[in-house]
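A.B. asks: What follows is the residue order along each chain.
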Amino acid sequence: MKLFKIAILLTASILYAAASSWACEFKNKVPVNSLSNAFEAFKVVTAASAECGNYKAELDIDFKNKQPAAMAANPSQYTIGGISNSTIVPLLDGNLIRPLDQLVAKYGSSLTESQKIRIDGKIMAIAMMVNAQHWFFRTDVLGKLGIEVPTTYKEVLEAAKKIKKAGIVDYPLGATFKAGWNLGEEFINMYLGTGGMLVDAKNKPAFNNAKGVATLEMMKKLTRYMDPEYLLSDSTYVQKQFQQGKIAMANLWASRAGNIDDPKESKVIGLIDYAAAPAFKAGGAPATTLWWDGFTIARNISDKEAEAGFRVMMAGIDHKVLAANPDAAIWLSSKPIESRMAKGAVASAQGGAPSYPASAVTSIVHTQAGQKIVDYLTGKKSAKTALADMEAAYLVTAKESGYVK
Amino acid sequence: MDNNQLYKLSPQLHVLTWIVVITWMVIAAFPLFWMATMSFKLPLDAFDANALTVIFGPNTKSMIGGISIVGVLVALGFGYLFLKAHLQRESIINYFVTSFGSVPKFLVILILYIVLMIAALITFFMVVPGISSLFNMILGGIPLLNLLVEPFIGMTTQHYEAVWIENEFYKQFINTIVVTTGVVSISLTVATLAAYGIARTRSNLAFWLLIMALCFRALPYSTLVTGYLAPFIEYGLYGKRFGVVIVLVAINQPFTIWMLRSFFMNIPPELDEAALVDGCNRLQAFWKVIMPVMWPGVITTGLFSFLLAYNDYMVAMLLLDGDARTMVPAITQYFNRETTLTDQVEAIAAAASITAPIFVMVMFFQKQLVSGLTQGAVKG
Amino acid sequence: MKTKTFLIFVIPSLVMMLVFIAVPLGISIVQSFQNTQNVLIKKEQKKCDPFGCQKVISTIPLLDEMGKPVTKTKWVGWENYKTLLEPDRVSQAFSEEGGGFSELLGIDFYKAFRFTITFTLLTLPMVIIVGLILALAVNSIHRRYRGPVIFITLLPFVITPVIGALSIKWLFIGDGILTATIEAMTNSDIAVFSNPLAVEALVLFFRVWHTAPFVFVILYAGLQTLNFDSLEAAIIDGASRWERLRYIIVPHIMPLIVFVSLIHLMDAYRVFDEIIGFGAEAHVMSLQWLTFDFLMPDDTGNRSIGRASASAMLTMVGIIILLIPVLRRTWKEQR
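Chains as they are written, first to last, in the working numbering: chain A, 2 to 406; chain B, 4 to 383; chain C, 169 to 503.
Chain A on its own, in the form it takes in the complex (with noise of 0.2 Å):
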């Protein structure tokens, strides 16, 4: 009888060790932490990562207000920050995270040269992913009406006329313009899709004019066919509403697709796809922008601390694991790994979609037209108003912190 207890264990360890080993292959012994974003690739890594012990994930929408505090502390208050090309920006910028090339040489063997984020040589951060909005649909709705998936937004617009009409799904229409971040962030998109500029060599703004007027009333038109309570909608909200049946076309984040089919919330599993952003006109580039998201390391810790959070993030993005996980994000990775996901965002890069143009004065604009752009949708300012609104509030902020002088 003990014999055969030992053996069902040693089975079941056995079994047990497989399965988990594909995540870490070290123990580690040095207590590290994480701060990063909260979307689903994120979850996957961080909890691969937490398989080699000693790992405390934090994930927070507004990691990005947080990390800079967070991590100029002596001692940092985490010793990995999860990051995008726009919010690696301050922590760049404030000298908080360090190189990584002696770790790179020692334990990132397996990463691909364009993995790794250089700045001036010195590689600053490891990339995992790439991303982009892109435009996803109901396939059952176009096809029902015999619509031809929209390259432009002008087709975009003559779509959901269709649908409104035919009232099949609540509104034809979704879209991340939560006022704040995702609002500026579609205001960026669509206005870099115009072939216009953000800011002028000596930082000062250089949005305030026909191209932005001509942004600004894109966006009102789209917002005539989505749910009223828009600005409440970031991309939560979209996927929500994808899931509900409630809308039929929207431009989202290529990330959000791996749990879009969820059967625990979805009531229109399999309905969904993907094609490249739109773009402004005809023969423009997709209106869109490329991101990627990674990790970096903390500059204020012990060189321990260091390498082990290094190894426990290279456990994390460790090939296996997102290959186990091929529908969570675009990974990048030393194998290609297929996924039906990439579908949008690799049509949308072809397109030529610019990179998102990541530095501090960029995310300043970023701010202002967040905030700034609700009253012109609400129609209490106009266009002109509302773009002279953001140029001014810029131009306080960018002279506040001495970019402008």
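Hints are not guaranteed to be accurate.
Computed spacing ranges between beta-carbons, pair by pair [said to hold, decoys possible]:
1) 91(B) - 392(C): 22 to 28 Å
2) 124(B) - 263(A): 27 to 33 Å
3) 207(B) - 406(A): 19 to 25 Å
4) 171(C) - 99(B): 31 to 37 Å
Derived DMTMM-like pairs (lysine to aspartate or glutamate); straight-line CA-CA distance at most 20 Å [stated by the list, open to error]:
5) 211(C) - 233(C)
6) 247(A) - 357(C)
7) 385(A) - 276(C)
8) 240(C) - 273(B)
9) 279(C) - 201(A)
10) 170(C) - 273(B)
11) 205(A) - 212(C)
12) 400(A) - 201(A)
13) 30(A) - 304(A)
Don't read these hints as lab results, they were simulated from the structure. Cβ coordinates follow ideal geometry from the N, Cα and C atoms, glycine included.
Chain A is already provided as a structure; the job is to place chains B and C on it using the hints.
C.D. replies: Leaving out everything else, chains B and C in the frame of chain A:
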């Protein structure tokens, strides 16, 4: 007094009064009740537009299960027992106080409250499901009776498990306990001394102190925190619970002093005089003679200090981070990780978890809370 | 007691209040006249990411020998206040071509100020009336029922404001249960949170919901001390219920109403938790929220401490002005 002719209400007025009272009670309790209901359902049910779906949780019932009629009866039975215990609490407390001699009454109340809370948690999360499954086994086979053990209302505790166990909310809970205990103990110690001094002196300084305290109480917290941030980050207090404790104690001093002072004013100065005549100095008079009489006032003020510290959002939000976070700021963090509907319901479960201790506290300390509010007002 | 003994009793508390209230207040005042920024330089950088390599000219902070960004603090006088109050735009708004009040309300500070004042002044009478009605009602029902009624009534007051606001938000947002019910009854499509007026009404409702129990308890206690002789005399004189209320009950509890108003003014002016709970920043903002927003680091990692302090100072000026009438009255009584 209330049955005499003065308050004899005409039948219409009587009905109107009850309508007012009941309407208010519904408005007061409904949001909380709804929050609790949603927290036990799957997202598909919790966010449904149909009220009956939310209450009965059909999807939760089919996918996970729920509570049967038997289960509901068992839960109600235990609920009734707890209610009886609560209503009889005075006699239970007196029993313990008399049998254990010198134990102060509020300590007994506190321990009783903690014991009952733990008992309630164990009962409703473990014992009731246990007994229900027992009934299920017995009655499951019998044709008509098995209807009684079929899941009737869809319910799941998975969100609470996710919040407390997977997401380690207990860490934030412990932080909250640490911060509130620190705030209450330090705040009461410092403020009782000050309030006693102010209540027993005739100097003008006392009046000016009170006015200064009143002005300080009026200050928006944001005004103060702009001043704290830089020094805190500089001196390494950022992210430490102790920093938050001290800030909360200081910010709430004005209110605490005002409340305690009004309690002290109720105690006749002759008591002090007698102690002084007997040879005590002021401090001894304070501690040996006045404080024993003051206990109810101190407890009441302590309750309000507790509420202020427990419910604080802004100070802890701006000064604490990561693992040191208390429960209330952590709830917004919860919303910030709500990338799926399931996360949202988990946030609702977290919110319900935060509210539960307060709910129980009001049950036990209702008298003291009411007296504290009125004392502060009536004596000015 | 002797002054010396008095001081001993009072010193711990006094020290705490001075260090943690008076000093930060002072620091805040000073900060409102200063501006701290990083010293910035322009540098050409080569950036490589998954999408390729680019040479860009970036504006980045200068670092000192320790690797920390160099900051410079300079005295800017009233500039932070000017940035907040925008006197130029204000005069332009009220000139010939200006948009008048609606343009004024486009400026953040005035938007926050308008909301804070209307919020404080509108909720005051509402809270007192609801509290008074409740006190009269509960006073009239049988003693046996009062315990449970008071228990349920107290709940909105003790619950964490942020969570209370959240619980009400969930009832209305999207297809929340109450919105759905209203939509079903009026056969229309309502989006509560896209309507600024609805959001503002909800925030006001929440404050009344939260504070009425407090007013109720205090007024209810006051009602217990009513002098029955005068009431009896009034009934004999033939006074109606309404007249009794107006001429006897209300004057008796007037000091309590004043007290409650004072507390309410102070608290309502600091409105903040509700805005966070309802996520109402898109439509309304309060003075305290504005200061908080300046304090939160933006996307560049900077906190606008100068503007936050100026905003905090202006907020304080407002509350002092609001409190002057009450303080005057207390001063007169003291004399």
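A.B. asks: For the pair residue 124(B) and residue 263(A), does the Cβ-Cβ distance stay inside 27 to 33 Å?
C.D. replies: This hint holds: roughly 30 Å between Cβ atoms.
A.B. asks: Would the pair residue 400(A) and residue 201(A) pass a check requiring their Cα atoms to be no farther apart than 20 Å?
C.D. replies: Between residue 400(A) and residue 201(A) the Cα gap is close to 15 Å, so the pair holds against 20 Å.
A.B. asks: Assess, step by step, whether the Cα of residue 211(C) is no farther than 20 Å from the Cα of residue 233(C), and give holds or violated.
C.D. replies: holds, 18 Å
A.B. asks: Take a quick look at whether residue 205(A) and residue 212(C) sit within 20 Å of each other, Cα to Cα.
C.D. replies: holds, 18 Å
A.B. asks: Between the beta carbons of residue 207(B) and residue 406(A), is the distance compatible with 19 to 25 Å?
C.D. replies: violated, 54 Å
A.B. asks: Taking 31 to 37 Å as the stated bounds, is the beta-carbon spacing between residue 171(C) and residue 99(B) within them?
C.D. replies: Since residue 171(C) and residue 99(B) have Cβ atoms about 44 Å apart, the given range 31 to 37 Å is violated.
A.B. asks: Would you mind confirming whether the straight-line C-alpha gap from residue 247(A) to residue 357(C) stays at or under 20 Å?
C.D. replies: Holds, at about 14 Å.
A.B. asks: Take the C-alpha atoms of residue 30(A) and residue 304(A), compute the straight-line distance between them, and say whether it is at most 20 Å.
C.D. replies: Judged against 20 Å, a Cα distance of about 14 Å means the pair holds.
A.B. asks: Is the hinted pair residue 385(A) and residue 276(C) satisfied, with a Cα-Cα distance of at most 20 Å?
C.D. replies: Cα-Cα ~18 Å, so holds.
A.B. asks: Against the 20 Å threshold, does the CA-CA distance of residue 240(C) and residue 273(B) hold or violate the hint?
C.D. replies: The given pair, whose Cα atoms are some 61 Å apart, is violated under the 20 Å limit.
A.B. asks: For the hint 22 to 28 Å, verify it against the beta carbon of residue 91(B) and that of residue 392(C).
C.D. replies: holds, 26 Å
A.B. asks: Has the given pair, residue 170(C) with residue 273(B), been kept, meaning a C-alpha gap of at most 20 Å?
C.D. replies: holds, 17 Å
Figure legend: structure checked against the earlier numbered hints; hints not met, in rising order: 3, 4, 8, 9.
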